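Asks: Knowing the structure of chain A, use the given hints to seat chain B on it.
Here are the chains, one letter per residue:
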Amino acid sequence: MDIKNKFSSKEAWAHAMIPLGILEDASVHRIRLKKMSLSRLLIDPLCSVTLKLQDPELTSKAAEELALNSQLREVFIASRDTSIDSLTALGDSKSLTTITYEGELSLIDSWINRAAPCFHGLNRLSLGDHIFSDAQLIQLSSLTPNLRSLAFRIGNINDPSYPVLPAQSDWLQLRSLVIRTAAFEPGAENFLLTAIDVARLFPALERLTLDASVEFNRTRFSPEVLNKFANVASLRVVRLVDSDVRTLSVLSNFKRLDEFALHRCRFVGRYEHKPAFAPIWATTSLRKLSLDNVTFRYVSCVCADRR
Amino acid sequence: MCPATAMLPALQQLDLHGVSDESTVWRIIGRISSLERLSYSFATATSHQSSKPFFTPEHVDQLLKLPALQYLYLSDALVLADSYIRLLDFNRRVPAHAPPPSIWLFCCTNEVDSSAAFNTFQANYKGVLKLEFY
Chain A
1 MDIKNKFSSK EAWAHAMIPL GILEDASVHR IRLKKMSLSR LLIDPLCSVT LKLQDPELTS
61 KAAEELALNS QLREVFIASR DTSIDSLTAL GDSKSLTTIT YEGELSLIDS WINRAAPCFH
121 GLNRLSLGDH IFSDAQLIQL SSLTPNLRSL AFRIGNINDP SYPVLPAQSD WLQLRSLVIR
181 TAAFEPGAEN FLLTAIDVAR LFPALERLTL DASVEFNRTR FSPEVLNKFA NVASLRVVRL
241 VDSDVRTLSV LSNFKRLDEF ALHRCRFVGR YEHKPAFAPI WATTSLRKLS LDNVTFRYVS
301 CVCADRR
Chain B
308 MCPATAMLPA LQQLDLHGVS DESTVWRIIG RISSLERLSY SFATATSHQS SKPFFTPEHV
368 DQLLKLPALQ YLYLSDALVL ADSYIRLLDF NRRVPAHAPP PSIWLFCCTN EVDSSAAFNT
428 FQANYKGVLK LEFY
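Protein chains in written order, with our numbering: chain A, 1 to 307; chain B, 308 to 441.
The reader is advised that the hints may include incorrect statements.
Sample of chain B residues at the chain A side, in silico, Cβ under 10 Å [said to hold, decoys possible]:
hint: 1; residue: M314
hint: 2; residue: P316
hint: 3; residue: A317
hint: 4; residue: L318
hint: 5; residue: Q320
hint: 6; residue: L321
hint: 7; residue: L323
hint: 8; residue: G325
hint: 9; residue: S327
hint: 10; residue: V332
hint: 11; residue: I339
hint: 12; residue: S346
No lab work stands behind these hints, which were simulated from the structure alone. All of these numbers come straight from a predicted model, not from anything done at the bench. Glycine residues also receive a C-beta, built at the ideal position from the N, C-alpha and C atoms.
This is chain B alone, in the form it adopts within the complex:
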């Protein structure tokens, strides 16, 4: 449905709320190399608090492709332990050019038994981290 090359070359801000077919959407996100701000709400009109969709390491891989990303807002997701570990890869950016993005986790929850990964992430992430209704 879209070319393999970068798309939306001027796009700086992308707000996604309640979109379906996540795999398609995340493939697209990874191709928007100009993206500076991403807001992604996993909530849909029919989703329930008890069945939040996963925020997976594959999602993080798409985000790591975005060299200009400065701000990331995620809401209503269940964050996997491996996702926290992968998010720390943002720390490897050269600070002078692209410091780690500010991350805001809103109404997100941890996967069961991922508290160690979460604590490691909290202690070591070099970007701004904000947790709200976590």
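Looking at chain A on its own, in the form it has when it is part of the complex:
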């Protein structure tokens, strides 16, 4: 079978009927596996592979085979049923740099205690929808100190055991951090660190994303959360997703910002109006600015009442 002709792009969708054992086309760099057993999978070592696992049976034997593929770079896991044994087997890979989870992780204690230690060489880790406690994040950071890029989700408002950031961390090399929230306005209640603490925790951080788009329309980050990163001297890029205009009020504290992106900025509060956007225009260091679905025109309830 000519894989290259069957798939017009350099991406292969593999279903149970496709005998991937014959795949020898080095130009195919991404394979998505859907509803099939990976136990039959043989991949040419010339291919680098991204696995999108949906309803998978990633057997530990198949994972061992994959780990031998010297070009394996990324594993995308969309199933919560991937076994711990399979994950630990993948951890033997010498080339794997990125693991991305979609959805919740199951067996979280086993995942941290058995799978995460195998991922100490990872550069990029995205942790899906599981909400980590302070203790779990601290443990995870000690197991993955080489991470350059991390995405995780927080929640559980007003519960200090589910903080915005862990009280301590070994992620000293982290360049990119994405924090997603399902909480209603995570703020001072579960951000116990000072700005100085944060600068000490992430001395190399260059890119920060605060993403409140996870679930409810009412979620957002408070200005205090963003402001805690103002002392991180290396920070150059800030992205806010589903923010509200109040958060912009602290932008002036980021003196070295090169890039700022605002996606779906919402109007929250009765008396907000145009001047709330002034901090953007006053961020004089910016070299790149992206505004996506941002509403500049607000109806002032004060004016409306006067009418």
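Replies: Then chain B, alone, in the frame of chain A:
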């Protein structure tokens, strides 16, 4: 909401998608004299193909204030005949210092009866012009 002088003095790239209150936004664009690349999508989450917003000569006037502009991407707009005529003013830049910007019109359409202006623009614009899904 902003000072009358130039703003965002270091800004080189501006990407705008689905922003509202166009008049405010275009006034701001005209004050960013360092701007080299502008991407402006007129589309919003609620806009429809049949009711594209206008790309007007006033918009072009703001763009003509940008001496460093090298790349202009416009999408989902209805381009008026007079806008084409005004865009030709970019040809008056001194080539050695600031040649006309490359213009990419993506998913844009012409105003009714503006085909003559469009043809003139196409024939005479000295910068790179790219039309896609036009």
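Asks: Next, verify each hint and record whether it holds.
Replies: Do the hints match the structure? See the list:
At a threshold of 10 Å, the smallest CB-CB gap from B:M314 to chain A is about 5 Å, leaving the interface hint in force. Among the interface hints, the one on B:P316 holds; its C-beta lies about 6 Å from the nearest C-beta in chain A, closer than the 10 Å criterion. At a threshold of 10 Å, the smallest CB-CB gap from B:A317 to chain A is about 5 Å, leaving the interface hint in force. For B:L318, the suggested interface contact is upheld, since its CB lies about 5 Å from the closest CB of chain A, less than 10 Å.
With a least beta-carbon distance of about 4 Å to chain A, the hint placing B:Q320 at the interface is held under the 10 Å criterion. Below 10 Å, beta-carbon pairs count as interface contacts, and B:L321 has one with chain A at about 5 Å; its hint therefore holds. At its closest, the beta carbon of B:L323 sits 5 Å from a beta carbon of chain A; the interface hint therefore holds under the 10 Å criterion. Among the interface hints, the one on B:G325 holds; its C-beta lies about 4 Å from the nearest C-beta in chain A, closer than the 10 Å criterion.
Among the interface hints, the one on B:S327 holds; its C-beta lies about 5 Å from the nearest C-beta in chain A, closer than the 10 Å criterion. A least Cβ separation of about 7 Å between B:V332 and chain A falls short of the 10 Å threshold, and the interface hint therefore holds. For B:I339, the suggested interface contact is upheld, since its CB lies about 9 Å from the closest CB of chain A, less than 10 Å. Contact between B:S346 and chain A, as hinted, is supported at the beta carbon level, the nearest pair being about 9 Å apart and thus within 10 Å.
In this structure, every one of the numbered hints holds.
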